[in-house]
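So the protein sequences, as listed, match chains A and B.
In terms of this note's numbering, the first sequence opens at residue 93 and continues consecutively.
In terms of this note's numbering, the second sequence opens at residue 7 and continues consecutively.
I should point out that these hints are in silico values taken from the structure, not numbers from a laboratory.
Quick caveat: nothing in here was measured; it's all calculated off a predicted structure.
Please note that the accuracy of each hint is not assured.
In silico BS3-like cross-links for lysine-lysine, where the CA-CA straight-line distance does not exceed 27 Å [to be verified]:
(1) A:K191 to B:K76
(2) B:K15 to A:K169
(3) A:K191 to B:K15
(4) B:K77 to A:K169
(5) B:K63 to B:K77
(6) A:K146 to B:K76
(7) B:K15 to A:K148
(8) A:K191 to B:K63
(9) B:K76 to A:K160
Across the chosen pairs, the derived CB separations fall in these ranges [said to hold, decoys possible]:
(10) B:K76 to A:S95: 31 to 39 Å
(11) A:Q102 to B:R50: 38 to 46 Å
(12) A:Q203 to B:T83: 37 to 45 Å
(13) A:K148 to B:T85: 24 to 32 Å
Even glycine gets a Cβ: it sits at the ideal position worked out from N, Cα and C.
The chain contents come next:
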Amino acid sequence: GDSVTQTEGQVALSEEDFLTIHCNYSASGYPALFWYVQYPGEGPQFLFRASRDKEKGSSRGFEATYDKGTTSFHLRKASVQESDSAVYYCALDIGNTGKLIFGLGTTLQVQP
Amino acid sequence: GGIITQTPKFLIGQEGQKLTLKCQQNFNHDTMYWYRQDSGKGLRLIYYSITENDLQKGDLSEGYDASREKKSSFSLTVTSAQKNEMAVFLCASSITGAQDTQYFGPGTRLLVL
Numbered sequence: 093g094d095s096v097t098q099t100e101g102q103v104a105l106s107e108e109d110f111l112t113i114h115c116n117y118s119a120s121g122y123p124a125l126f127w128y129v130q131y132p133g134e135g136p137q138f139l140f141r142a143s144r145d146k147e148k149g150s151s152r153g154f155e156a157t158y159d160k161g162t163t164s165f166h167l168r169k170a171s172v173q174e175s176d177s178a179v180y181y182c183a184l185d186i187g188n189t190g191k192l193i194f195g196l197g198t199t200l201q202v203q204p
Numbered sequence: 007g008g009i010i011t012q013t014p015k016f017l018i019g020q021e022g023q024k025l026t027l028k029c030q031q032n033f034n035h036d037t038m039y040w041y042r043q044d045s046g047k048g049l050r051l052i053y054y055s056i057t058e059n060d061l062q063k064g065d066l067s068e069g070y071d072a073s074r075e076k077k078s079s080f081s082l083t084v085t086s087a088q089k090n091e092m093a094v095f096l097c098a099s100s101i102t103g104a105q106d107t108q109y110f111g112p113g114t115r116l117l118v119l
């Protein structure tokens with residue numbers, strides 16, 4: 093069945109470090125792929141999405157490129173800030189129906 | 007802009023009890039969702055509804071009922087709370103469904119004693 097795998101459960105960085113959170117998916121066709129961010133005590137917030145091979149999504153300095161060949165949608169940011177500390181979720185839209193499958197999430201902790 | 011309101015914020019129940027969680031949205035969105043969030047397990051879809059009076063089961067529907075009597079509201083019932091259960095229930099909405107952004111509420115935190 094369709095699935096999303098986030099490799100890192102936790103990532104610890106210092107301010108201005110480069111961030112990569114790995115997301116790989118398993119699904120047929122071209123499912124829409126999403127990144128959401130969740131701050132403590134809140135619900136997840138949409139970051140961005142992509143729905144075609146080689147399409148890049150971006151928001152707030154974060155970006156990811158849809159790669160059908162490697163079935164990946166890795167999240168990157170060139171220079172993280174303490175305020176980026178949160179849980180990041182990769183998700184895919186099953187058959188583009190609106191039903192999302194989420195990865196287990198990656199907790200990012202950025203030290204000042 | 008709009009907002010999703012979930013009530014209550016915290017819910018403490020007893021084993022075997024029937025518990026109801028409520029969600030309201032003022033986005034005028036067609037589709038609404040209920041997810042369960044457990045520590046270390048991400049978010050899992052319980053029920054969703056594409057329009058008033060419609061209900062569709064997600065992967066985690068067993069043990070839950072849902073109700074969508076109005077476009078703006080979506081309720082979830084835990085039919086029999088399990089002892090020591092602890093989870094966050096998140097409500098979300100989107101304009102239609104496919105590929106749409108989902109907007110989430112702040113969640114209801116459930117603890118069963």
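Comparing the hints with the structure gives:
1. This hinted pair checks out: K191 of chain A and K76 of chain B have alpha carbons roughly 21 Å apart, not beyond 27 Å.
2. As the CA atoms of K15 of chain B and K169 of chain A are separated by approximately 33 Å, the hinted pair breaks the 27 Å bound.
3. For the hint linking K191 of chain A to K15 of chain B, the alpha-carbon distance of about 25 Å falls within 27 Å, and the restraint holds.
4. Restraint check for K77 of chain B and K169 of chain A: the C-alpha separation of about 38 Å exceeds 27 Å, so the hint is violated.
5. Taking the CA atoms of K63 of chain B and K77 of chain B, the gap is near 18 Å; set against the 27 Å cutoff, the hint holds.
6. Using a Cα cut-off of 27 Å, the hinted pair K146 of chain A and K76 of chain B is violated, with the two alpha carbons roughly 40 Å apart.
7. Only pairs whose Cα atoms come within 27 Å are accepted, and K15 of chain B paired with K148 of chain A is rejected, the gap being roughly 36 Å.
8. For the proposed pair K191 of chain A and K63 of chain B, the alpha carbon gap of about 10 Å is at most 27 Å, so the pair holds.
9. Of the supplied pair hints, the one linking K76 of chain B and K160 of chain A is violated, its CA atoms being roughly 40 Å apart against a limit of 27 Å.
10. Separated by about 34 Å at the C-beta atoms, K76 of chain B and S95 of chain A satisfy the suggested range of 31 to 39 Å.
11. Between Q102 of chain A and R50 of chain B the Cβ separation comes to about 21 Å, which falls outside the hinted range of 38 to 46 Å.
12. At about 43 Å, the CB distance of Q203 of chain A to T83 of chain B agrees with the hint of 37 to 45 Å.
13. A hinted range of 24 to 32 Å for the beta carbons of K148 of chain A and T85 of chain B is inconsistent with their spacing of about 44 Å.
The earlier numbered hints that this structure contradicts are 2, 4, 6, 7, 9, 11 and 13.
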